[in-house]
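Chains as they are written, first to last, in UniProt numbering: chain B, 1 to 466; chain V, 1 to 466.
Simulated from the structure, these hints should not be mistaken for lab results. Every value quoted in this text rests on a predicted model; they were computed, and no experiment measured them. Treat the hints with care, since some could be wrong.
One copy or two, it doesn't matter: identical chains are merged, so the pair holds either way.
Said to hold, decoys possible - Below are the DSS-like pairs computed for lysine-lysine, each with C-alpha atoms no more than 25 Å apart in a straight line: (1) K361 <-> K28; (2) K387 <-> K458; (3) K157 <-> K28; (4) K235 <-> K214; (5) K387 <-> K223; (6) K451 <-> K387; (7) K157 <-> K361; (8) K235 <-> K223; (9) K223 <-> K391; (10) K451 <-> K391.
Number of protein chains: 2
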Amino acid sequence: MTEATRRNLVVEHINRRIQSRTLGPGDKLPSVRGLAATLQVSASTVVEAYDVLVAEGIIWARRGSGFFVADRAQPFAVSQTGPQLEREVDSLWVARQSIDAENDVTKPGCGWLPSDWMPVDALRRAMRQVARASSAVLTDYGNAQGHLELRHLIARKLHDQAIEAGPDCILLTNSGSQALDLVCRLLLSPGDTVLVDDPCYFNFHALLRAHQIKIVSVPFTPKGPNLAALEDILKDQRPRLYLTNSALHNPTGATLSATTAHRVLSLAETHDLIIVEDAIFAEFEPTLSPRLAALDGHNRVLTIGSYSKTLSASLRCGHIVARRDWIEALTDLQVATNFGGPSPMVSEVLHTALTDGGYRKHMEALISRLDRRRSQMTRELGALGLKPWVKPRGGFYLWCEFPNQIDAASVARRSLTRGAVFAPGNVFSASQSMSSFMRFNVSQLESGHLKLLGELIKAGDTADRT
Amino acid sequence: MTEATRRNLVVEHINRRIQSRTLGPGDKLPSVRGLAATLQVSASTVVEAYDVLVAEGIIWARRGSGFFVADRAQPFAVSQTGPQLEREVDSLWVARQSIDAENDVTKPGCGWLPSDWMPVDALRRAMRQVARASSAVLTDYGNAQGHLELRHLIARKLHDQAIEAGPDCILLTNSGSQALDLVCRLLLSPGDTVLVDDPCYFNFHALLRAHQIKIVSVPFTPKGPNLAALEDILKDQRPRLYLTNSALHNPTGATLSATTAHRVLSLAETHDLIIVEDAIFAEFEPTLSPRLAALDGHNRVLTIGSYSKTLSASLRCGHIVARRDWIEALTDLQVATNFGGPSPMVSEVLHTALTDGGYRKHMEALISRLDRRRSQMTRELGALGLKPWVKPRGGFYLWCEFPNQIDAASVARRSLTRGAVFAPGNVFSASQSMSSFMRFNVSQLESGHLKLLGELIKAGDTADRT
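Based on the sequences and whatever the hints tell you, model everything.
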């Protein structure tokens with residue numbers, strides 16, 4: 001029997017006595033020597049077991065007098081959160097439902113890949129390697145701007161995307177969302193106007209609302225924002241900032257054309273507009289698409305990115321790329337509000353996993369797998385009358401319109417009672433004009449979902465006719 | 001020779017050819033088979049080596065055509081940041097100087113323990129254990145409120161501190177600072193007035209300024225805030241919130257008395273004041289001190305905590321304890337602005353390290369070690385004419401006054417040129433009335449610092465006399 005097994009037996013013995021109430025709250029535990037003799041184990045085994053029970057809050061130690069049963073010795077029942085059916089279907093709805101879904105709930109509307117599509121072995125290797133890193137990496141606050149080698153690596157990856165920026169122009173953050181949050185804090189004041197695409201990533205709405213920002217939206221076309229509408233809005237509403245996705249647009253999967261990119265930037269110069277380019281899906285591109293930061297050289301464009309979609313969302317590390325003076329001010333802001341950026345230990349794990357020779361192969365395999373999956377799901381959704389608005393070049397989203405003006409929010413609400421979280425169109429739409437659209441994550445979409453959609457479409461059909 | 005060694009030799013071979021310019025930017029690399037034959041290694045070794053070079057950004061792959069030297073094949077020079085001597089000595093000064101200090105700079109003014117005082121072996125064990133966790137822990141976004149078992153554990157630890165709060169009333173955050181940041185976002189608007197202690201933790205000033213909050217301060221006594229002054233301020237300035245430290249006050253190390261705690265809470269009730277109690281040093285207490293949350297039951301008090309000081313600042317995980325409805329709103333805010341809280345992987349490492357039987361022993365040893373160190377440093381600083389304002393019951397701070405009204409900011413500025421970051425009094429003081437005080441971290445204070453202080457005090461003395 002191993003030492004750990006012997007220790008666990010002592011822990012169980014005490015837990016049983018507490019459960020059977022032969023030891024009650026406040027009672028003194030047997031002495032270490034006494035229990036060691038009773039159970040025929042060494043005193044050090046009992047000491048270790050008592051330490052575990054103290055750490056778990058089951059018992060406590062009074063220096064010099066021994067160990068006592070805690071007042072609240074029974075562990076709390078682990079509560080089940082379950083789906084919140086009554087909550088309004090707004091821009092936080094998909095986020096909270098997806099994040100907090102229980103294990104038996106599926107998430108064809110969520111914004112990430114299933115964990116078995118991710119390079120888990122590389123992450124495990126990286127963690128074991130970082131477990132041997134210097135003590136400082138494991139215990140200290142890191143550099144305020146973030147892990148230097150990781151910033152160098154990001155700079156090289158940006159260079160491969162035709163974007164030039166040194167590590168001094170990069171700030172690591174806790175996430176892509178927090179990167180945007182810091183940008184809003186630096187560049188905006190409550191009451192300012194910000195322009196977003198219609199549709200756009202739903203959390204942009206929630207985040208801007210948290211900053212008390214006035215949101216205006218520009219209709220999005222398969223080649224980027226509608227330029228005539230953009231010009232009118234810039235003249236009439238004078239937004240301070242335009243927040244958009246480049247590389248692969250969320251939720252549509254569309255790609256900015258070179259002409260549109262150039263024109264957007266010219267308009268931004270004329271109207272003194274700052275642009276935040278969220279390029280979180282850039283690594284999913286099969287070939288490079290026009291990037292505003294590549295044209296502008298981070299003069300009035302800021303880039304946001306993260307490896308949450310390609311490597312791990314559990315690590316929590318994003319980044320902002322911007323002018324050196326803005327990065328310095330953003331760094332101060334992050335120190336003031338978070339005493340620094342992402343975990344240095346996590347940054348080291350991320351850097352290790354990204355420089356593992358396997359990351360490129362993982363991305364190539366992922367891109368191919370998603371290509372096949374998008375084609376298959378386009379066919380299967382098409383058979384139900386759901387047609388993608390564009391054919392995306394990459395990524396895991398399909399933005400589809402329901403037949404017969406079926407209300408996607410109602411489909412989402414009904415699906416939640418059947419254990420599936422969908423992402424209905426209007427959570428992506430500031431104008432609330434996308435009620436019959438839905439964003440599908442092809443990597444999470446299963447045959448059961450297609451069957452459920454078929455049923456709900458049919459029911460909607462009938463409802464319309466009666 | 002191992003496979004890894006052979007791969008590294010191929011990597012070195014290519015790097016040498018790039019450095020010697022026999023391979024230039026854009027050049028095609030030798031074919032995998034060709035190089036394998038030349039170097040007498042297997043093709044798979046060359047493929048692995050090329051993958052490493054791609055991951056490092058030295059070369060890139062064009063699908064179907066082979067590998068090419070990147071345009072910017074030379075790795076960036078790693079820049080040295082060095083101390084920023086010219087920066088104003090304000091509330092961000094100590095933070096940035098301490099966080100960004102190079103390895104040869106010492107930090108007797110910083111707010112953390114040296115890494116060799118921390119339970120590094122327990123952290124390494126926890127990381128190795130979590131490296132074997134389920135894939136979902138390593139790749140997925142976690143529960144929006146944060147790791148459930150960790151919240152249970154925090155609830156049990158709070159119970160041991162006479163504070164009752166279930167895991168539903170706890171939100172995990174990226175840090176103690178971010179916990180406070182979220183509270184400010186929820187409960188305050190720009191222009192609101194917030195009350196802090198004079199002196200108080202310097203980053204409170206920076207954080208509140210980031211929220212455009214008007215800061216007022218109440219003189220702090222060895223038993224808590226000056227009650228007469230507090231009452232006057234509540235009547236005249238009507239602050240919405242009072243932000244204070246309980247358990248062990250930062251920077252003074254003082255402890256709130258029971259009488260003062262009760263009176264503060266009565267005044268808060270009369271004047272409808274919300275109290276945020278930052279109890280980040282609670283685990284360093286030798287015995288329990290009065291806690292506002294224990295008296296109030298989290299009606300108008302919110303508690304903030306973290307394990308940055310006792311376990312690791314690298315993990316980045318703090319928490320807020322508050323009323324259930326506030327926690328729900330804070331969770332939404334954290335999703336909107338950060339798409340969730342701390343890294344689920346990190347939360348798992350933290351939970352594992354805290355429930356390791358060794359944590360209690362680590363804290364007992366740490367408390368004893370700090371007791372001895374505070375006594376020793378009190379004597380040695382006293383010999384230089386620096387006397388602690390109070391004798392703290394625990395923790396690692398001593399708040400001392402210089403003799404002869406020597407200006408602590410000037411000492412700090414001069415010390416920085418000698419490679420030591422000190423924390424001068426006025427960065428802790430909203431009223432700027434603490435110019436001859438300094439906060440010392442006894443765990444970081446070395447004999448060289450005492451010698452340097454002796455010299456500067458002597459020089460200051462002479463300067464006064466001439």
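Consistency of the hints with the structure:
Proximity of K361 to K28 under the C-alpha cut-off of 25 Å is restricted to the inter-copy arrangement: shortest distance 20 Å between copies versus 59 Å within a copy. Taking identical chains as interchangeable, the C-alpha atoms of K387 and K458 lie at most 25 Å apart only when both belong to the same chain, with a minimum of 16 Å there against 81 Å between chains. Proximity of K157 to K28 under the C-alpha cut-off of 25 Å is restricted to the inter-copy arrangement: shortest distance 19 Å between copies versus 61 Å within a copy. In this assembly of identical chains, K235 and K214 lie within 25 Å of each other by CA distance solely inside one copy; the values are 16 Å within and 36 Å between copies.
With identical chains, the CA atoms of K387 and K223 are at most 25 Å apart within one copy only, with a shortest distance of 18 Å there and 69 Å across copies. Proximity of K451 and K387 under a CA criterion of 25 Å is satisfied intra-copy only: 16 Å inside one chain copy versus 76 Å between copies. Taking the shortest alpha-carbon separations for K157 and K361, only the intra-copy value of 15 Å comes in at or below 25 Å, while the best inter-copy value is 45 Å. In this assembly of identical chains, the alpha carbons of K235 and K223 lie at most 25 Å apart only when taken from the same copy (22 Å versus 60 Å across copies).
In this homomeric assembly, K223 and K391 come within 25 Å of each other (Cα to Cα) only inside a single copy, at 12 Å, whereas the closest approach across copies is 68 Å. Taking the shortest alpha-carbon separations for K451 and K391, only the intra-copy value of 23 Å comes in at or below 25 Å, while the best inter-copy value is 71 Å.
Violated hints for the displayed structure: none, as all numbered hints are satisfied.
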